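Protein chains in written order, with the working numbering: chain A, 1 to 293; chain B, 1 to 244.
Hints listed in this document are in silico derivations from the structure and should not be mistaken for laboratory results.
Misleading hints may appear alongside valid ones.
To be verified - Derived CB-CB ranges, DEER-like:
| hint | chain 1 | residue 1 | chain 2 | residue 2 | range |
| --- | --- | --- | --- | --- | --- |
| 1 | A | L227 | B | P68 | 26 to 34 Å |
| 2 | B | L184 | A | E121 | 38 to 46 Å |
| 3 | B | R76 | A | S68 | 27 to 35 Å |
| 4 | B | G181 | A | F109 | 52 to 60 Å |
| 5 | A | S68 | B | N162 | 25 to 33 Å |
| 6 | B | Y173 | A | G61 | 16 to 24 Å |
What the hints assert, rightly or not - Straight-line C-alpha distance at most 20 Å; calculated EDC-like pairs for lysine to aspartate or glutamate:
| hint | chain 1 | residue 1 | chain 2 | residue 2 |
| --- | --- | --- | --- | --- |
| 7 | A | K269 | A | E94 |
| 8 | B | K170 | B | E53 |
| 9 | B | K49 | B | E188 |
| 10 | B | K71 | A | D255 |
| 11 | A | K269 | A | D255 |
| 12 | A | K283 | A | E91 |
| 13 | B | K78 | A | E113 |
| 14 | B | K71 | A | D158 |
| 15 | B | K78 | B | E63 |
| 16 | B | K71 | A | D116 |
| 17 | B | K78 | B | D185 |
No experiment lies behind these values; they were computed from the predicted model shown.
Every residue gets a Cβ at the ideal spot worked out from N, C-alpha and C, and that includes glycine.
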Amino acid sequence: MKSARSQSGSIVPPNGRPAKPNGKVSRGADRETGGATGGAAKKKNGSGAVASRFYGNPLPGVKPEELSGSLIVVEGTDGSGRSTQISLLTEWLESEGFAVQTMGLRRSFLVGEDIDGLLAENAVTRMTLALMYSTDFFDQLERRILPALRSGLIVLADRYIFTLIARAAVRGIGRDYLHGIYEMALRPDLTFWLNVRPEVAFDREFKKAQTISYWESGRDMSLSNDLFQSFIRYQSMIKREFEYLSKRHSFLELDGEASVSEVNRELRKRIASHLGIRGTQYKPSHALQHLWR
Amino acid sequence: MASVIPDVGVDEHSTPARVPEAKRPYPGALVVVEGIDGSGKSTQLYLLKRWLEIGGYRIHFTEWNSSPLVKSATRRGKQRRLLTPTTFSLLHAADFADRCERQILPLLHGGYLVLADRYVYTAFARDAARGCAPRWLRNLYSFAPVPDITFYFRAPLDVAVNRIVAGRPKLKYYEAGMDLGISLDRAESFRIFQERILNNYDQMVETDHFVLMDGTVRVNKLQKLMRGLLGERIDLPHFAPKKK
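Next up, chain A with everything else stripped away, as it sits in the complex (with noise of 0.2 Å):
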């Protein structure tokens, strides 16, 4: 991987707010580019140079030239809104007159449901899982993802390879490892990190579900046999990763403690400026009315 950064010594540690939106994102984003195909070739990463649309070298037979759609990428932990923004960003960006193409973890036909197998039972190792995960990743990317991006469709990515990366990291497997694994993905175009504290994180998800996952407790590392400290514990271990991936990897970093009308508009206004739509004026359809809150 080719990174200025060194690795060590860049983690920083978690601050106690996430950033508010408007305005205190990392970058500013792209300039308009007059459609979706300009974004990525102008865009820079951390160390300053022109980068490419893939991390390291392409996957075998991808030529980069033909990728005419874009792809962007909307992080966060469980309970960050995640789903909902991405489920109202489909609906605005079909109103909109662009064709759009999801993705997310262990959605895979190859592995999906494989993986979920394996979360199932507790006889799964941390590099087996992390490879797995890969697959998944790898099978998405290329036989859905990379034909929507020849095709001209927008791919909205449910999580992407740096919640993958930073779920090993914590786990001990090295970060350099999985860049190097990662390294055939493709440059997400546009890359949003919807932080939220792991206080809030655990609310919205012990409300949705009535319990706290196994997995997003991280229950396989032994943090602690209380679980609201085991996920308070892992969900800040993986916001430090974050913290760093956000550097190295130029996020977005919007509040995702705000109301989801406000992250939204906050989505929409970067997305916008990014494919040169104009107007940004949206207001969800009877059918997603109650995500809007």
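Got chain A; can you put chain B on it based on the hints?
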């Protein structure tokens, strides 16, 4: 654990490198056989295993592509021809990781002599023949413990290919490298694919300290040679049954 699965970079030659015996973080030892299909490696490792089993040694035998956790995914991917060079490689790495973390490493730490029929070099040779970047592959498998001895069975391409083609009614799709679109004829595709793999193996003889074994030598003679080399390189009494 940390010493076996280091925070490695993606430097091509970072791993696997030779680990001096004194620095190995476990009391066990790892013996590997490699080579193309039909080179005679599995037969020879089977005979070595029988010899050690009969002698009562603490051994464990493990095979490439055999993890029960990953099996169904691999089978589906192959049957429905869903695999690309990248996902083929990652799925086999997941399979290897499962065996590594749940069998090979615990057994090496427990003082076993672990015998592996194919190891990471199979992935290096085969997946690179499919078009994966060698540097990427080296990184992918950098968590693997370095073998104490790697026997590389080498037979001329024709000999090896004829052994396989003669004994098998039909070559499987991925086995024959049909996904590469080299040839519509399975036997011909297989031969070209095996040739690429053979060339990749040959390039690792020096860098990865392979012990070259002539796959055309008579079976029992070659086995005798293998047992001798094993005894020279591995402290076999260490794995022998305890005398009362």
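Is the gap between the beta carbons of Y173 of chain B and G61 of chain A within 16 to 24 Å?
With Cβ atoms ~18 Å apart, the hint holds.
Looking only at beta-carbon atoms, does the pair L227 of chain A, P68 of chain B fall within the given range of 26 to 34 Å?
holds, 30 Å
Holds or violated: the 38 to 46 Å window for the beta-carbon distance between L184 of chain B and E121 of chain A?
holds, 42 Å
20 Å limit on alpha-carbon distance, applied to hinted pair K78 of chain B and E113 of chain A:
Distance ~16 Å between K78 of chain B and E113 of chain A Cα, so the pair holds.
Does the structure keep K269 of chain A and E94 of chain A at a Cα separation of 20 Å or less?
Within the cut-off at roughly 16 Å; holds.
K78 of chain B paired with D185 of chain B [C-alpha distance capped at 20 Å]:
Since the Cα atoms of K78 of chain B and D185 of chain B sit roughly 19 Å apart, the hinted pair holds (cutoff 20 Å).
Between K78 of chain B and E63 of chain B, does the CA-CA distance stay at or below 20 Å?
holds, 18 Å
Does 27 to 35 Å hold as the CB distance between R76 of chain B and S68 of chain A, or does it fail?
Check passed, 32 Å falls within 27 to 35 Å.
Hint consistency between K71 of chain B and D116 of chain A [alpha-carbon to alpha-carbon, up to 20 Å]
holds, 15 Å
Is 25 to 33 Å respected by the C-beta to C-beta distance linking S68 of chain A and N162 of chain B?
Given a distance of about 49 Å, which is not inside 25 to 33 Å, the answer is violated.
Next pair to validate is K71 of chain B with D255 of chain A; report whether the Cα-Cα distance is within 20 Å.
The given pair, whose Cα atoms are some 42 Å apart, is violated under the 20 Å limit.
Restraint status (C-alpha distance of K49 of chain B to E188 of chain B at most 20 Å):
Roughly 34 Å separates the two Cα atoms, so the pair is violated.
Violated hints, listed in ascending order, are 4, 5, 8, 9, 10 and 14; each of the other numbered hints is respected by the structure.
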